[in-house]
Amino acid sequence: MKLIVGYLATPGGADAIALGVRLCRTLGAELGVSIILPPDRVVPSLVPVGGYDEHLAEQAERWLAQARALIPADVVAGTHVSFDDSYADGLIKEAARVQADLIVVGGSGGGLAGSYSLGSVVNELLHSSPVPVAVAPRGSRDRSTDRVHEVTCAIGERAGADLLLDTAVRFSRAAGTPLRLVSLVALDPMFGTLRGDEDAVRERALAHAQHTLETAKSNLPDDFPVTSTIVDGRTVEEAVSKLQWHDGDLIMVGSSRLSAPKRLFLGSTAAKMLRVLEVPMMVVPRDPFDAADLP
Amino acid sequence: MSEAQEDTGLVSKGLAAGKIGTFSGAVLGISSVAPGYTLTASIGLIVAAVGLKMPAILIAGFIPMFLTAYAYRELNARAPDCGASFTWSTKAFGPYIGWMCGWGMVIATIIVLSNLAAIAVEFLYLFIARVFNDPSIADLADNKAINIATTLAFIAVATLIASRGITTSERVQYVLVGFQMTVLIAFAIAAIVLVASGDAPAGVAFNLDWFNPFTGLALSAFVIGVTGSIFAFWGWDTCLTLGEESKDPKRVPGRAGLLCVLSILLTYLLVAVAVMMYAGIGIEGLGLGNEENADNVFGALADPVLGWAGPLLFLAVLASSVASLQTTFLPAARAMLAMGAYGAFPKLFASVSPRFLVPAFATVVAGVITGAFYTVVSLLSERVLLDTIAALGIMICWYYGITAFACVWYFRRELFHNVHNAVFKFLFPLLGGIMLALVFVISVQESMDPENGSGAAIGGIGLVFYMGFGILLLGAALMIIWRFRSPDFFEGRTLKTVDSLAGDTDISRDLSPMPD
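Which chain is which? The protein sequence lines are A and B, in order.
The first sequence stops at residue 295 when you use the numbering used here, and every number in between is there.
The second sequence stops at residue 811 when you use the numbering used here, and every number in between is there.
None of these hints come from the bench; they were simulated from the model.
Hints should not be assumed to be uniformly reliable.
[Stated by the list, open to error] Calculated lysine to aspartate or glutamate pairs in the EDC-like style (CA-CA distance at most 20 Å, straight line): (1) 2(A) x 89(A); (2) 439(B) x 586(B); (3) 262(A) x 162(A); (4) 272(A) x 232(A); (5) 262(A) x 287(A); (6) 242(A) x 198(A); (7) 642(B) x 61(A); (8) 542(B) x 40(A); (9) 93(A) x 124(A); (10) 642(B) x 786(B); (11) 642(B) x 58(A); (12) 642(B) x 53(A).
[As the list claims (entries may be wrong)] Residues from chain A that keep clear of chain B, each with C-beta distances beyond 12 Å, as calculated: (13) 35; (14) 62; (15) 161; (16) 165; (17) 226; (18) 259.
[What the hints assert, rightly or not] Chain B side only, calculated, beta carbon under 8 Å to chain A, not exhaustive: (19) 373; (20) 375; (21) 376; (22) 377; (23) 557; (24) 561; (25) 565; (26) 636; (27) 650; (28) 655.
Predicted model only: the values in this text are computed from it and were never measured.
Just so it is clear, CB atoms sit at the ideal spot from N, CA and C, and this is done for glycine as well.
Work the whole structure out from these sequences, hints included.
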């Protein structure tokens, strides 16, 4: 198993490395740290400006050497520099090249609005990657947790939920961590939907939660710790904030129905959760993929 | 550095090769010259010096730039490096001359940045004034406080954009070049048509003698004109240095360069002849010799010649100067980055922003110095645009001249191996270098007379002299200080003096910056 960290020599990059190390230890995986550089375009200018690629690549090697120093000796790690016009595209190609099972990136503070928006690279990845993407929250680098202790899976009723459940179960089994299944219920009726009464909504959510719990249990050893809860709130943000979180948690979510086949597409519920949670989040594609699907 | 990468295979380069053809290469070249902006900035200076001989002077300035461009091409093909002139002249002549050459290159880009911003501001107000039909808005550009504030704002925005690694896309460059060339040619044709119909204020008849530089010109006037003309052709060699990006590296760069330079030369000559026939060189009214119009000829002529379409010319010049302001930050920062990487400037200049992957520190320094330079010069000078262009001509002669000689010396052991080498590595660069050296010496002398610039002087000596020669002396002083604080570069530990054949064998070690 192999993980790829999309690295930049910024605090966000250190967050991604920290999460990558945590996941590698949990899964016994290998870590690849990758820097994607923009190739120097021919910019018309008054002075010839060749040779910048070399300078940049050399600087990247130095950054990677520093990144290596952040990785503990017990994790097998390699580094790589590649050039691509798009950071996200370069990272996806790199993941395909080494047949990585997961891409890890630092999500915080990349956008214009600080922690409330994602950087453009993370955003692109979360809407196009063919392999699962894990986003490290701000400050992951300062946490002392060395592995994932519990996996929370936010599971809905729509198509694709089965694959998400399946991935979460596989992850938990491989990592030996307890699995917590969560159904989020936003009671605030959306415009255009029937105004069902809250009890009926809650009733249906409970039934759904029970069903997913049974599915999960049937796929796991008898004594495997699986729990199932429903949380409600006026909004998704409120509901998800009601959950208890600990160091070493990881939340898994699925992709939106808008996704291209076998690609990620961050759904609106997941995006809302990402905004309020300070827990690493892993987004998985809607359909199963195999090596042949990689670009 | 490249050695290490190739050995370990750690770096994969996804450069899309085979993209640029002859036409797009020429467009890139034209776009780096920014003809709309260049003509506005230089016509005034040239006419003030040589009057009706402008076409001859344009050709006279073109020749050394054309010859020297081959030095760039040959050096860039053998030892591409973002230090360009700095790196090559250090390799050929050692650290001291190399440092001074690099300094000239950095200062030239700083001066042109300030001039670009100033022209952009001028035409911004002209354009707004025309759009709102309120001539008083155009006068705002003459108010020193407002002018400096707006220019600094332009520079700040351009610095911010450049330091975040945002560049103008090729498509935008194409559109800008197309727009500029169309408007310029339409302007020239309209002017000639007006002359033919007898509606021009001056209506000077065309005369072939305008193209003859050997009659009726004093040497001093000739040389001052040539500095303006040298500035006008600065940058077209960019398309000669297209290497692996072009479709056919053997043919495309040469053809693109020729196509580019011929289009520029013909456009310049056409516009020069047209404005002279239309406006004459009188010192009153629309005449090109009128000091009021000298640093902004298009500003005065756009409306009379183009009528309702006048603002299009303003817009073309505005767009051309803003786009160039944006793209010129890149070479300015890269030149400083290279000097920092080799230890000729403080190490900080070589630092690359980990997030935006551009030399952010060098970019911000370039922006700050440009702003400071513009503020000081516009407080001292009576016509900033005129004086900066004159100083720029001197600075270009300095570092292009050194580069031309560096080419001859760097390739000294293979100059006569074949005809190609004899022509492009020896004859062309040598002639170009000698011409530029002559222009440099004479124009520095002439710049001491305030009347050859805007008239601004300090202690009776022209401001242009301080901006040209004075800044070179300041550079020499800084070089001595830096030599004692950080001798690595000057003792040849970071960048060795070599010739081309020695350079072939250990080029990778030779190119690598010093270890940390």
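*For the pair supplied as a hint, residue 642(B) and residue 61(A), confirm whether the alpha-carbon distance does not exceed 20 Å.*
17 Å, holds
_Restraint check, 8 Å cut-off on beta carbons, for residue 636(B) near chain A_ = 6 Å, holds
*Quickly compare the C-alpha distance for residue 542(B) and residue 40(A) to 20 Å and report which way the hint goes.*
It holds: about 17 Å lies between the C-alpha atoms, which stays within 20 Å.
*CA of residue 439(B) to CA of residue 586(B), is that 20 Å or under?*
Given that 20 Å is the threshold and the Cα spacing comes to 18 Å, the pair holds.
*residue 242(A) and residue 198(A): Cα distance at most 20 Å?*
Distance ~18 Å between residue 242(A) and residue 198(A) Cα, so the pair holds.
*Within a Cα-Cα threshold of 20 Å, do residue 642(B) and residue 53(A) meet the stated pairing?*
18 Å, holds
*With chain A as the partner, please determine if residue 375(B) meets the hint condition of a C-beta pair closer than 8 Å.*
4 Å, holds
*Beyond 12 Å from every Cβ of chain B: is that where the Cβ of residue 161(A) lies?*
Per Cβ check, residue 161(A) is outside 12 Å of chain B; nearest 37 Å; holds.
_Hint check, residue 377(B) versus chain A [nearest Cβ-Cβ separation less than 8 Å]_ = Where the cut-off is 8 Å and the nearest Cβ of chain A is about 4 Å from residue 377(B), the hint holds.
_Just want to verify: residue 62(A) was marked as not at the interface with chain B; is every Cβ pair farther apart than 12 Å?_
8 Å, violated
*Do the alpha carbons of residue 262(A) and residue 162(A) lie within 20 Å of each other, as the hint requires?*
Holds - the C-alpha atoms of residue 162(A) and residue 262(A) are around 14 Å apart, at most 20 Å.
*Confirm or reject the statement that residue 35(A) sits farther than 12 Å, beta carbon to beta carbon, from all of chain B.*
The assertion about residue 35(A) is violated, with a minimum of 9 Å to chain B.
Consistency note: the structure conflicts with the earlier hints numbered 13, 14, 19, 23, 24, 25, 28.
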